[in-house]
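Enquirer: Which chain is which? The protein sequence lines are A and B, in order. No gaps in the numbering here: position 54 of the first sequence is 36 in the working numbering, and each next residue is one more. No gaps in the numbering here: position 51 of the second sequence is 33 in the working numbering, and each next residue is one more.
Don't read these hints as lab results, they were simulated from the structure. Just so you know, not all the hints are guaranteed correct.
[As the list claims (entries may be wrong)] Footprint (simulated), chain B over chain A, 3 or more residues, beta carbon under 8 angstroms: (1) 4 to 10; (2) 76 to 87; (3) 96 to 110; (4) 118 to 131.
It should be emphasised that the depicted structure is a prediction, and the values quoted were computed from it without experimental measurement. The beta carbon of each residue, even a glycine, is placed where N, CA and C say it ideally should be.
Protein chains: 2
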Amino acid sequence: MTGTVSRPTLEAVAARAGVSRATVSRVVNGGDGVREPLVERVRRAVEELGYVPNQAARSLVTRRHDAVAVVIAEPETRVFADPFFALQLRGISKELTAHDSQLVLLLTEGRDDHARVARYLAGGHVDGALVFSLHLDDPLPGLIHGAGVPTVFGGRPGWGEGVREAVYVDCDNRGGARQAVRHLLGLGRTRIAHITGALDQTSAVDRLDGYRDVMADADPALVAQGDFTPAGGERAMRELLERRPDVDAVFVANDLSALGVLRVLREHGRRVPEDVAVIGFDDMLPIAEQTDPPLTTVRQDIEDMGRLMARLLIRGLEGGAGAEGPVPESSGVVLPTTVVRRASA
Amino acid sequence: MTGTVSRPTLEAVAARAGVSRATVSRVVNGGDGVREPLVERVRRAVEELGYVPNQAARSLVTRRHDAVAVVIAEPETRVFADPFFALQLRGISKELTAHDSQLVLLLTEGRDDHARVARYLAGGHVDGALVFSLHLDDPLPGLIHGAGVPTVFGGRPGWGEGVREAVYVDCDNRGGARQAVRHLLGLGRTRIAHITGALDQTSAVDRLDGYRDVMADADPALVAQGDFTPAGGERAMRELLERRPDVDAVFVANDLSALGVLRVLREHGRRVPEDVAVIGFDDMLPIAEQTDPPLTTVRQDIEDMGRLMARLLIRGLEGGAGAEGPVPESSGVVLPTTVVRRASA
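Next up, chain A with everything else stripped away, as it sits in the complex (with noise of 0.2 angstroms):
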């Protein structure tokens, strides 16, 4: 609304019509509410004062909001406690401001709420979805879909409907852990653990196979089941000690659980790395850096993630206006990770 000065004004044609700004509002914005005199008198002003709304212009002409709506199948809470959440939304918030799109980012309590989201992304108030963090299912994948709102997904959506034609952006999970486990092999390690991420998450599915690739012949008491917090990591560790208290190295499904590995070792009078090598997956800064040791762990480049998913939603947009939507195909990006060495293995 800067350098619209000169241009009549709504307080202006509130002043002509004899009504109050948000009647003026209200009519420019689709009339419902207002008695049909009050709509008269204003649509009256608007005309004669030749005022045009900035955005309800441009929204005929081109049917485009210039924003893109930012799903989290997860509860806030969790969106909020979770640092791979604010960097994903740090890359996405760049690129899309880069672009004057603004970012809406719909959170929920949970599961629950996701039909109420679906509501608001068919409703026709964004251009497009950002849609990361699916969870085995979760009927978000399909309802987006039904809602005919072009998406992209971070993240590989591996189930729900619809998802055959998701165009997605992820980084190489698999290729990833078969680099952590070989790593670990590197160092001489023979009793290799791997604590997984959440399970109903295609992530952690992916790491799993890519440790199981490398360790195809290992006791599958070596595998214990963490959820991508600290708390799950904790919890993970302790079971493997029980079962394995032999255990040389752990390969932990991401940096937020390796916290809780990291103190169990402690706990326990296990030295990192002499007695257990541990290694994360993410790199999350700081976090990655200020551990005790610090956290050898895979990369991925999180923020810049968020950014691509942007990127390729609003190219998709631009480039095509056909009835059937404007991402015209499946596809994945699939971006590469590397081994970055700390002090923990």
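Assemble the complex: chain A is given as a structure, and chain B must be docked to it using the hints.
Expert: Chain B alone, transformed into the frame defined by chain A:
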């Protein structure tokens, strides 16, 4: 969309009309960008099957989106770095979800994006807005006022066009500051300093006023300017130690800044509370309990503040439906504060 299994689906309409789901969705949401013969075919199928799109049907009747925007007038990096905002959002999210209203968080890179935020608000995508962390000279309150969107502010919006009519929720910043300083006086401290918050925010100004209410005759050198961040607290504490090395107590404008203050005092070998007593503001948990020593502070219920903002907005939206806007009059709700005694003072 749960519980609608027996009703005709979007898919059924698409099949009947011989078009894609995306096309049906477009027609249902306004029809722009779809060729007229297709629009006709879809409309016929909708009628024949008796298809009712939930949201669209409701919107036609009530002109309601069951969505509320939240605008935090800070860059998104700050939103995710300061736990204050996560707590306020938690209260808002719970309350909106209880009313089946979608929380729409509008994130920005900074003030330059506020005109875009105002356009989104004016575009008819939400029923109302909750706005907090306003700074002096921010055009947002004026822009929102011009857009005619029912709004409740978090924190007293002390400046800007249109804010005289504002509805807001705040805590008793000035009274809380007086409680803090009186607590320090009660401990026998006499050279009581104040580290302020960002003085372009009313909360910081009010807390400084509260300090001055009690310390009217104090040396002005005992007041150092911070900005509500740990780094700002550090800088201000260093200044204070240079100017008044005999300082024996500090009232810090928020707990997050107190983290920096405690760090600097430790560096300088000053014992807390023996040499310098420290009191914060917020009772930000778990931070305030985990500092060394645990922090005495002025408690405000941040989550409850968020909940109350949402409740006031929804009550306003449900109550009034006149053309003058549903939140009827200017009013502020000011919540009480209490001193929580821990080891630091």
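Enquirer: Each of the hints needs a verdict: does it hold here or not?
Expert: A quick look at each hint next to the structure:
Judged by the Cβ-Cβ criterion of 8 angstroms, the segment 4 to 10 of chain A is covered by chain B as claimed, because 5 of its residues qualify and three suffice. Proximity of the segment 76 to 87 of chain A to chain B, defined as three or more residues with a beta carbon under 8 angstroms from a beta carbon of that chain, is established by the 7 residues found. With a cut-off of 8 angstroms between beta carbons, the segment 96 to 110 of chain A has 10 residues touching chain B; three or more are needed, and the interface restraint holds. A stretch counts as covered by a chain when three or more of its residues have a beta carbon under 8 angstroms from one of that chain; for the segment 118 to 131 of chain A and chain B the count is 7, and the coverage holds.
Hint compliance for this structure: every hint is met.
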